[in-house]
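S.K.: One letter stands for each residue in the lines below.
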Amino acid sequence: MPGSTTERPKGGQHRTVQPSLRDSTFGKVLSRPVGRRRFLAYVVAGSTLTIAAKFGVDTFTAGDASAQIPSPPQLLDIQDLGDVLILAGKPTEHLVRLEITDEGRAVLELPRAEVGQGLTTAFAMLVAEELDLPLEMVEVTLADARPELLFNQLTGGSNSVRSMYGPVRAAAAAARSRLLAAAQELWGAAPEDLFTQAGKVLNKDARTAGFSSLTALAAAMPVDRIVAQPKDPSEFTLVGTPTRRKDARAIVTGKQVYTLDLDIPGATPTMVRRPPTVLGTVESVLNESEVRAMPGIIDIAVVPTGVAVLAETFGQALDGKNALQVEWGGGSIDGRNDEDIKQELRAATLPAAVPPLLGGLEEEFDFAFVSHAPLETNCAIADVREDSAEIWSGMKSPIVAQETISLELGIPHDNIKLHVMQAGGSFGRRLYWDGAIEAAHISKATGRVVKLMWSRIDDMRHGRMRVRTHHNIRATFAAGNVLSFEHRVATPVTDWSHGLGEILTSIGAQLPGGNLTFTETVFTLTVKMPYNFGATTQLILETPTKMNTAAWRGVYSPNTRGAEEIMVDEIAASLGKDPFEFRMEHLKEDSYREVLSKVAEVGNWGRSMPAGHAQGIAFHEEYRSCTACLVELDATDPQNPRVTKAVIAGNYGLPINPMGLKAQLLGGLTDAISTTLTAGLHIEDGLPLEGSYSQFHYARQKDTPTDVEIFILPGDRDTPGGAGELGVSAPVGAIANAYARATGTKPRSFPIIFPVDFEPFPR
Amino acid sequence: MPSYSFTVNGEAVTVDAPADLPTLWALRDKLGITGPKYGCGIDVCKACTSHLDGEAFNPCVTPIADVEGSEITTIEGLADGDTLHPVQEAWLDMDVAQCGYCQPGQIMAAVALLNRTSNPTDEEIDAIENVCRCGTYFRIREAIKQAARNM
Ligand code: FES
Ligand code: FES
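Each protein sequence line maps, in turn, to chains B and F.
When the first sequence is numbered by the working numbering, its final residue is 2177 and no position is left out of the sequence of numbers.
When the second sequence is numbered by the working numbering, its final residue is 245 and no position is left out of the sequence of numbers.
Hints listed in this document are in silico derivations from the structure and should not be mistaken for laboratory results.
The model shown is predicted, which means the values in this text are computed figures rather than measured ones.
Keep in mind that the hints are not guaranteed to be accurate.
As the list claims (entries may be wrong) - Here are the simulated lysine to any residue pairs, SDA-like style, with alpha carbons at most 20 Å apart:
hint : chain 1 : residue 1 : chain 2 : residue 2
1    : B       : Lys1942   : B       : Ala1767
2    : B       : Lys1669   : F       : Thr177
3    : B       : Lys2116   : F       : Ser164
4    : F       : Lys124    : F       : Gly175
5    : F       : Lys239    : F       : Thr211
6    : B       : Lys2012   : B       : Lys2160
7    : F       : Lys124    : B       : Arg1862
8    : B       : Lys2002   : B       : Asp2130
9    : B       : Lys2116   : F       : Gly175
10   : B       : Lys2160   : B       : Ala1986
11   : B       : Lys2059   : F       : Ala206
12   : B       : Lys1669   : F       : Gly175
13   : B       : Lys1660   : F       : Leu186
Using the sequences and the hints, build the whole thing.
M.R.: Here it is as structure tokens:
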């Protein structure tokens, strides 16, 4: 893997922006010359008003979406991966599209993916807030791949709200200003007599005009009349209040459309027979004519990833796929097993530097491979013609997907239309477009519209996975103080080719640490030590084992910070301190202590528990948010433990939708229960053994607590922190610590209960 | 090819299909009824959960021949026009859904449970095996209890 380079795109202007201050620039707007603080707007068509947010006054022409490639702004202080993503998106943020329709509705075209994290609701709230429009009048759609957005159409790093909070509000504020200007013109009113409320402009003299009656006039207003100023967060009335998901009704009535629910004319159910080992190849198909003769089979085609079977129904495609006899070529990890990969990682782990002293601890931890296993398996619809293609799929990185498909299929990338579909879960999985590109290959090979669905077995075995990790942690202490804390991690290489690599390269020169690999960079930018533990180092090293990997919710944090939270308990025990008190003494920030004491208080930390039961507590900070978790766990049967209760608190700086944030923390808790206790993949002879949820033990209802309390603290900033990934790491630590206490063991290998308790499906 | 007649969401339908075609594919691929989802195809994830003559069933493992003459209800047929079923209402109230992909199956499983017992215990709720990979279980539990109170 190449290290970061100093090469940056040429041309374009850049301004100096400190990401941590990006949104507070709004708060300072008034104190700066008006001419530099305008949000320009442009009209695209007829009486429909389309707004693009624009910062500064550099050259900008109406509808110009293909300007030269801008350089990312210079960086003053990159503190985390989110800052990198914010910065990378900045040069194109003015291309955000918000339309006010002639019915007075607002339609935001969001260049991000909705995979269950509630983004469409959060952004609808921001638009409704800025426009003073009822929430039901705001619609948020997912943008098709828009290459002109460059680095600004990647959904990852818990960054969507962080990076789009400013631009979306700016666009909505510009729209509101334009509507106000129209009313001013209409009534000859003074600006200070006008204000907006509930989708109307109100005049002090009691005249009102609905937005719908103003859009035509607003669309025709000269651009230089528009001066927009987003609200100060202190004026928010909707943002910050618990709000239910906008798409919930569609979901509970079965009307929500996922990729395979689309009714694309001619789309033919398709499945692929895959090799017996990861990244294996097709040598030859031995019984093609036999399978073609089976009922419902329409076509068969060999593609780079396997043998595709097209049929009238998926049921028949599956029968055909299973009946195929194929001679396979080797894969990338043939003959390799979990155990030897683990040993390889152990051998690769860098040594600690500080010599072990009398008062010290040194411990090793291992975390297994984990499937992303979103409930909707990998899928796509592709219609590839001679020189063009149209593709529908859940994609978090559609621009890079488009480039890759263009290269592999030899179709000009302007002729590839990629529709981003709402997806049935992701957890990092849909950063990759392997479904989309495979469907495109099959469509090209067969000349048909292909509706591709991966089987669950294939999704688990040939899908992406979180890499196995090995950890070595050495802490030294003396006289009740921690003197040093060193953490060394080793993992097989994680694939960053979904676009984050390019983003890091583009910002390369500004990144901390010089010539690091992508993995080292991501690790450095995501894993932080929240405690004052003296000389602290956290380092990662990757081995070149090539597998289908992808960042999994939290990337390295759930394992790295999870292991650290176990160590914190053990250091506290060595020093004779209570784990909660010890954390309170060593946490770096007041806001950290606030979430921790909240869960300790509500969860009644330290209450006496029956034998075999215990409490556990842990803390985690990332992407400028922090969380603490207290669990109670019943391990009276150590092989069948259950988290019975959880209390969680989160601080996001500026919470947009507390109800959605609680949902994310609940999801993180369930992920932690699963991966800490029971869910992982066994690699044997080059393939994961697990092939369904009966084997990959992701939690079910019976494994989850009957008592959960989640608190979103009010926060103390005017910018939101990251949310999607925050919730996994603290519960990992809390659950492991509770298990240790309940059973008197020291968990070192995760998931803790990890037998091969099933008969694997045939390969 | 044999043909099979049954009703789906109150409507009489006839489908030409091999006898062993799983009903899920008759619903999705032949009838365009896409509420029931594929998540495993082997009666593990329960994403396809629907009702057969009022009882929860998993169409991914039920051959079409077995539903001849029966009444199938999918998530699309649960509401009475615009009036949602109390379980759907409770789901909205508790804001259960994340990605939403499992939720048609979860709701149909919950309705089947509430049809059997009006006041389910935690143990009875625990017995629902539907996978929710987004981990919404606690909100599902709360929504079932709320629906029970409202029914
Ligand atoms: S698809 Fe029917 S149980 Fe999984
Ligand atoms: S809401 Fe996503 S699987 Fe349940």
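S.K.: For every hint, state whether the structure bears it out.
M.R.: Structure-based check of each hint:
A threshold of 20 Å between alpha carbons decides the hint, and for Lys1942(B) with Ala1767(B) the separation of about 19 Å falls inside it, so the pair holds. Of the supplied pair hints, the one linking Lys1669(B) and Thr177(F) holds, its CA atoms being roughly 15 Å apart against a limit of 20 Å. For the given pair, Lys2116(B) sits about 32 Å from Ser164(F) by alpha-carbon distance, which is inconsistent with the 20 Å threshold. Distance check on the hinted pair: Lys124(F) and Gly175(F) sit about 24 Å apart at the alpha-carbon level, beyond 20 Å; violated.
Proposed proximity of Lys239(F) and Thr211(F) is supported: the alpha carbons are some 12 Å apart, at most 20 Å. Of the supplied pair hints, the one linking Lys2012(B) and Lys2160(B) is violated, its CA atoms being roughly 27 Å apart against a limit of 20 Å. With a CA separation close to 18 Å, the supplied pair Lys124(F) and Arg1862(B) stays within the 20 Å bound. For the hint linking Lys2002(B) to Asp2130(B), the alpha-carbon distance of about 16 Å falls within 20 Å, and the restraint holds.
Proposed proximity of Lys2116(B) and Gly175(F) is contradicted: the alpha carbons are some 34 Å apart, above 20 Å. Distance restraint check for Lys2160(B) and Ala1986(B): the Cα-Cα separation of roughly 14 Å lies within the 20 Å cut-off, and the hinted pair is therefore satisfied. Simply put, Lys2059(B) and Ala206(F) have alpha-carbon atoms about 27 Å apart, too far for the 20 Å limit, and the pair is violated. Taking the CA atoms of Lys1669(B) and Gly175(F), the gap is about 13 Å. The hint holds against a cut of 20 Å.
Our distance criterion of 20 Å between C-alpha atoms is met by Lys1660(B) and Leu186(F), whose separation comes to about 10 Å.
Checked against the numbered hints listed earlier, the structure breaks hints 3, 4, 6, 9, 11; every other hint is satisfied.
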